[in-house]
Amino acid sequence: MTHGVASPRVCLTIWALLLLFTAITVVVAGIDLGVMNVVVMLAIAVTKALLVILYFMDVRDAPQLTRIVVASGFAWFVLLVAFTMADVLTRG
Amino acid sequence: MADGGARHLAHHFEDLEQQHQAASLGMWVFLVTEVMFFGGALLTYVVYRARYADAFAHASHHLDVTLGTFNTVVLITSSLTMALSVWSAAADRRRTLVGMLSATMLLGSVFLVVKGYEYAHKFHEHLVPGPFFRYPGPDAPEAELFFSVYFILTGIHALHMVIGIGCLAYLLLRARRGAFTAAWSTPVEMVGLYWHFVDIVWIFLFPLLYLIGRHA
Amino acid sequence: MSVPTRKADYLNVDYGVRSWLFTTDHKRIALLYLIVITIMFAIGGLFALAIRLELLTPAGELLQADTYNKFFTMHGVIMVFFFLIPSIPAVLGNFLVPMMIGARDLAFPRLNLLSWYVLVVGALFALWAMVTGGVDTGWTFYTPYSSTASHTNVIPMALGVFITGFSSILTGLNFIVTIHTMRAPGLTWFRLPLFIWAHYATSVIMILGTPVIAITVALVGIERAFRVGIFDPALGGDPILFQHLFWFYSHPAVYIMILPSMGVISELVTCFSRKRIFGYTFVAASSLLIAVFGFLVWGHHMFVAGQSAYASFIFSFLSMVVAIPSAVKVFNWTATLYRGSIAWDAPMLFALGFIGLFTIGGLTGIFLATLGIDVHVHDTYFVVAHFHYIMVGGAIMAYMGGLHFWWPKMTGRLYPEWIARIAGIVIFLGFNLTFFPQFVLGYLGMPRRYHVYPDEFQVLNVLSTAGASILGVGYLLPLVYLTWSLRYGPAAGPNPWGATGLEWQTPSPPPPENFTQAPEVRDAYDYDTGLAPLPEGARG
Amino acid sequence: MSRFALMPEQASTVAGEVDALFLSLVGVTIFFSLLIAGLLVRFMLVYRRRSATDVPPRLHVPLWLEAGWSIVPLAITMMAFFWGARIYAALVSPPADALEVFVVGRQWMWKMQHLEGRREIDELHVPVGRPVKLTMTSEDVIHSFYVPAFRVKQDAVPGRYTTVWFEATKPGTYHLFCAEYCGTLHSGMIGRVVAMEPAEFQAWLSGAAPGGTRGMSVAALGEQLFQAQGCASCHKAGAAQRGPALEGLYGRSVVLADGRTVVADDAYLRESILDSNAKIVAGYQPLMPTYRGLLTEEQVLQLITYLKGLGTEAES
Ligand code: HEA
Ligand code: HEA
Ligand code: CUA
Ligand SMILES: [Cu+2]
Numbered sequence: 850m851t852h853g854v855a856s857p858r859v860c861l862t863i864w865a866l867l868l869l870f871t872a873i874t875v876v877v878a879g880i881d882l883g884v885m886n887v888v889v890m891l892a893i894a895v896t897k898a899l900l901v902i903l904y905f906m907d908v909r910d911a912p913q914l915t916r917i918v919v920a921s922g923f924a925w926f927v928l929l930v931a932f933t934m935a936d937v938l939t940r941g
Numbered sequence: 245m246a247d248g249g250a251r252h253l254a255h256h257f258e259d260l261e262q263q264h265q266a267a268s269l270g271m272w273v274f275l276v277t278e279v280m281f282f283g284g285a286l287l288t289y290v291v292y293r294a295r296y297a298d299a300f301a302h303a304s305h306h307l308d309v310t311l312g313t314f315n316t317v318v319l320i321t322s323s324l325t326m327a328l329s330v331w332s333a334a335a336d337r338r339r340t341l342v343g344m345l346s347a348t349m350l351l352g353s354v355f356l357v358v359k360g361y362e363y364a365h366k367f368h369e370h371l372v373p374g375p376f377f378r379y380p381g382p383d384a385p386e387a388e389l390f391f392s393v394y395f396i397l398t399g400i401h402a403l404h405m406v407i408g409i410g411c412l413a414y415l416l417l418r419a420r421r422g423a424f425t426a427a428w429s430t431p432v433e434m435v436g437l438y439w440h441f442v443d444i445v446w447i448f449l450f451p452l453l454y455l456i457g458r459h460a
Numbered sequence: 063m064s065v066p067t068r069k070a071d072y073l074n075v076d077y078g079v080r081s082w083l084f085t086t087d088h089k090r091i092a093l094l095y096l097i098v099i100t101i102m103f104a105i106g107g108l109f110a111l112a113i114r115l116e117l118l119t120p121a122g123e124l125l126q127a128d129t130y131n132k133f134f135t136m137h138g139v140i141m142v143f144f145f146l147i148p149s150i151p152a153v154l155g156n157f158l159v160p161m162m163i164g165a166r167d168l169a170f171p172r173l174n175l176l177s178w179y180v181l182v183v184g185a186l187f188a189l190w191a192m193v194t195g196g197v198d199t200g201w202t203f204y205t206p207y208s209s210t211a212s213h214t215n216v217i218p219m220a221l222g223v224f225i226t227g228f229s230s231i232l233t234g235l236n237f238i239v240t241i242h243t244m245r246a247p248g249l250t251w252f253r254l255p256l257f258i259w260a261h262y263a264t265s266v267i268m269i270l271g272t273p274v275i276a277i278t279v280a281l282v283g284i285e286r287a288f289r290v291g292i293f294d295p296a297l298g299g300d301p302i303l304f305q306h307l308f309w310f311y312s313h314p315a316v317y318i319m320i321l322p323s324m325g326v327i328s329e330l331v332t333c334f335s336r337k338r339i340f341g342y343t344f345v346a347a348s349s350l351l352i353a354v355f356g357f358l359v360w361g362h363h364m365f366v367a368g369q370s371a372y373a374s375f376i377f378s379f380l381s382m383v384v385a386i387p388s389a390v391k392v393f394n395w396t397a398t399l400y401r402g403s404i405a406w407d408a409p410m411l412f413a414l415g416f417i418g419l420f421t422i423g424g425l426t427g428i429f430l431a432t433l434g435i436d437v438h439v440h441d442t443y444f445v446v447a448h449f450h451y452i453m454v455g456g457a458i459m460a461y462m463g464g465l466h467f468w469w470p471k472m473t474g475r476l477y478p479e480w481i482a483r484i485a486g487i488v489i490f491l492g493f494n495l496t497f498f499p500q501f502v503l504g505y506l507g508m509p510r511r512y513h514v515y516p517d518e519f520q521v522l523n524v525l526s527t528a529g530a531s532i533l534g535v536g537y538l539l540p541l542v543y544l545t546w547s548l549r550y551g552p553a554a555g556p557n558p559w560g561a562t563g564l565e566w567q568t569p570s571p572p573p574p575e576n577f578t579q580a581p582e583v584r585d586a587y588d589y590d591t592g593l594a595p596l597p598e599g600a601r602g
Numbered sequence: 105m106s107r108f109a110l111m112p113e114q115a116s117t118v119a120g121e122v123d124a125l126f127l128s129l130v131g132v133t134i135f136f137s138l139l140i141a142g143l144l145v146r147f148m149l150v151y152r153r154r155s156a157t158d159v160p161p162r163l164h165v166p167l168w169l170e171a172g173w174s175i176v177p178l179a180i181t182m183m184a185f186f187w188g189a190r191i192y193a194a195l196v197s198p199p200a201d202a203l204e205v206f207v208v209g210r211q212w213m214w215k216m217q218h219l220e221g222r223r224e225i226d227e228l229h230v231p232v233g234r235p236v237k238l239t240m241t242s243e244d245v246i247h248s249f250y251v252p253a254f255r256v257k258q259d260a261v262p263g264r265y266t267t268v269w270f271e272a273t274k275p276g277t278y279h280l281f282c283a284e285y286c287g288t289l290h291s292g293m294i295g296r297v298v299a300m301e302p303a304e305f306q307a308w309l310s311g312a313a314p315g316g317t318r319g320m321s322v323a324a325l326g327e328q329l330f331q332a333q334g335c336a337s338c339h340k341a342g343a344a345q346r347g348p349a350l351e352g353l354y355g356r357s358v359v360l361a362d363g364r365t366v367v368a369d370d371a372y373l374r375e376s377i378l379d380s381n382a383k384i385v386a387g388y389q390p391l392m393p394t395y396r397g398l399l400t401e402e403q404v405l406q407l408i409t410y411l412k413g414l415g416t417e418a419e420s
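Protein chains in written order, with the working numbering: chain A, 850 to 941; chain B, 245 to 460; chain C, 63 to 602; chain D, 105 to 420.
Think of the hints as simulated: they come from the structure by calculation, not from any bench. No experiment lies behind these values; they were computed from the predicted model shown. Positions of the beta carbon are idealized from the N, C-alpha and C atoms, including for glycine. Misleading hints may appear alongside valid ones.
Chain B is faced by these chain A residues, among others (derived, beta-carbon under 8 Å) [as the list claims (entries may be wrong)]:
no., residue
1, S856
2, T874
3, F905
4, G922
5, F926
6, T933
Just chain A, same shape as in the assembly:
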């Protein structure tokens, strides 16, 4: 049974990338970019999460079903937020 477990080299690379992104997000947070601050921060967070999911959690060569499960989890969270905000942002 070999389920593509990430090798130590891959792990270390990903770890370094994650730290790099952490540094970037802390630095960027100190600069005033208006609304872009939030966008950049979230984009970085999503990237980091993807790195963890794909490499540390070995989804990159997991079965299709696993990917669907992961995706639906996040999709449903987005749905919860989106429909609630559809109310909150449009209240008179």
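For chain A, the structure is supplied; the task is to place chains B, C and D with the ligands on it using the hints.
Frame of chain A; chains B, C and D with the ligands shown alone:
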């Protein structure tokens, strides 16, 4: 290893492959429920943040970014050691496995200690929501909302860490007795998935809670 | 034992309380659930009777206002969280999902047992909250009433609901994994019984929705316990945010309650008309569509709550769309009967009752989803009538039908057919008399959760109470004769109905490992091939 | 109002249309219920099992049939949606000339305040033939203002304003119910709406009001408060003026310190008073104290009414 892991096969499965598939799918489905569990709490953050952007930005100044960053690094590193644990188990390296599991537990504990220190600090500053909440700046009520959300999100996150450390302790005990082999290391993989998930939650909480008001 | 030569089956393989309380056999766990759920139904039903008695007169002489409020709250909480949500999935689903797919057990048997214990612990919390003073928030726990104003045991009750949620999550998780990984070789998705599809769809909702109710009631509990504001308007918190979180789960939850029933009906209708289901793919797909679209309509509970008009339009529109898959199912069931060979056995009568009452309940859901009408009938007895039509007239009817249908499989015994038919008819009549007047009451404007009401509403309330007493008798009958059959019922044989499901290919009650030899896998409803003949002496 | 009936009385401009829509859907329900029930019973009788060896035919499933019975219900629900949405759209947009009344709910009573000064409890007098708009809030938990004869209902939510409007068409006395569960005496939180001929209503309005507020209008009460609470010290033109002038504020857009622009509506004024630091006007310091907890909901409404009045004065 002599039995190729066969003694781990439960009576109702056909073979180990099917059993592993079931465990892995089960874990992923469980993580989806966790996403929604945190998701509900995160929704309160999103709604109030959208409505009281300034108050939230100001309140976030009362969080310690240095400690937050430190903890982020700690947790990311613990994810690394966790990933290496999974690899060690799959590569039949028992000593490395024990070492990596210990490291993960240790890093997790460091995270919790730092978090505890931050909590204690908030407590002294009267920034814990409730009857004793005192807030120096404007928008005290909205700031109180921020701290409610902060404590709830980080609180359930910390609770998950505690559970994770418990699971790691169990793995450690079994790993020292050589329970995990290349043929069968499902529990290590499953706890690994859980631990990485907890890490991912923090990857979002850190910028959302600590960094939103940095530039203002 | 009276039958010493009986072969080892799951019931007699082991004796003693321990062998039940520590069992990991899905069939035994199903029976454990059956016991808990029946107790909860009786408690919830007794509250219902007290409610109806109180409403006999407009002045509210029987109960104090506070007592009444606690009664309907506990009626709602118990019926929804501790009876209807676990009912079909945890009893029939637990028993049948592995058997129908030719597996020996669910994927995680110990987790399955755990989820029963979790339900029991949750129920104990709820009962504790009840006997130490009760809760008066309504089953909806709306803030800020629940978080600040109420003086009752909200926290233990919230804990009960929180804990029970995990039972539901674990059951759903177990079903999903089992259905994906443990189907017998050759049993492809489109050969599965529709009962399985329905339970799969239900499980998806349990997984994606239930965690949200857990965190939501936890937040209310935290807000109450530590006096921190989360939904507190005094801090700028938003009580309507609570409603979003609550209904994000609780609307999909109504589909947790109805989808398994729909699965049961698909089995009953085909078996008793000896027909292949009409439009298999459509019925199967509609279950998934309901599960997915069911998540997009929660705001229809909030049309007058202060939600934005824009959001109301979206939610109303989507509520209309989600009704279509239900309609498709109703039409396909009806078409299945066409040119069938229809037997009038009790389970079939329950199934027909379901179809009729669900149609009325569902169509009145369309009234509620219609914005202009809901403004008037929201929080009136029209809503109460709507959901009892679906939950009592629909879901419980299907639960009864399923219980009667699989009773011989579960116990190895047949129940007295004629009394069962009479019970079905009594329930149907009592039900309509109880709840039909409530539609009229609601449109006339009688608000729900009212303990005293204006005189002009009395006539209809008296009718409703009269109906409830008939209904109560109707529910007592099965309790009596099913229990009776356990000891005195004639032996059932492996397949008393001549049904095609895999579960009928094994003895009744089944052996601990479900099948003594691998079942012969075929399409779910092969009634037209003569492969599942009616047994000797079956009613023609 | 105490006869046995199957339909409620129609006493507002929307009631007729709501009922028409309702009855149409009743028609749809009867049609489909009878259709389904009729088919079920018919099949049960015609295809009753004759012998245990019957083998029913395998039927072809025509796509047009499946499509048909999806599309027809969809079409029907779409009609219901648009019709219902039209009524709702009208219900959420009060006409500009509506008579305004403030309603504050609390456990377990309704407090009404007419702009001209009359106050009522659990009773609301309104003229016939003129739209009436209620601006509502609650002092504790959520309540809901419901007049079945008018077919209107709206929750009163603590911490914010909601509005509902109606135009009574028939003089009479109608039930007022609290429709959102609010605790022990939820079912006792009921009252009456009295619809009167306009002239009668005017007479009633100028009649003596109970309590010490006889004859004093809401705006006048607001002005009193404006002085008593010290608002004037910062907001009246002069050397000591530290806050922006409030004349002509209502309905205008305000530029905030963080660059956003907001329209000064009821909600904004409410927030400015209760939560003064939530939105800071550009060019000013966050000096204004928050009045949360210091003013009752009714007093806030009085202040707002006074501020609105300032708008028209400045223009004239
Ligand atoms: C099992 C439970 C269950 C189910 C399945 C449903 C199904 C539906 N419900 Fe119901 N509902 C509840 C349980 C349920 N509901 C409960 C408990 C409440 C109250 C909660 C509380 O406040 O306490 C409630 C409240 C409720 C409301 C809020 C009312 C209010 O408080 O103001 C609304 C509004 O849209 C609604 C709509 C619907 C719709 C559109 C469906 C649809 O899914 C129905 C679809 C079915 C059909 C349409 C019938 C079959 C169709 C035909 C035979 C063909 C003809 C069809 C057409 C022409 C359309 N429901
Ligand atoms: C599954 C869900 C379910 C079920 C089955 C029922 C069943 C019944 N309900 Fe329930 N009801 C709800 C869910 C349900 N209800 C919910 C969610 C609410 C809203 C609560 C809220 O507002 O918060 C509600 C509210 C509600 C009200 C409105 C109260 C109010 O708003 O003021 C009324 C009033 O008539 C009512 C009546 C009934 C009746 C007569 C039955 C009958 O069908 C019950 C029949 C059953 C019996 C009569 C029991 C039979 C007896 C036995 C099986 C054993 C006997 C016992 C011993 C031997 C010891 N219900
Ligand atoms: Cu106020 Cu109900
Ligand atoms: Cu709903």
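For each hint, the structure was consulted:
no., hint, result
1, S856, "7 Å, holds"
2, T874, "6 Å, holds"
3, F905, "4 Å, holds"
4, G922, "4 Å, holds"
5, F926, "4 Å, holds"
6, T933, "6 Å, holds"
Hint check: no violations occur; every hint is consistent with the structure.
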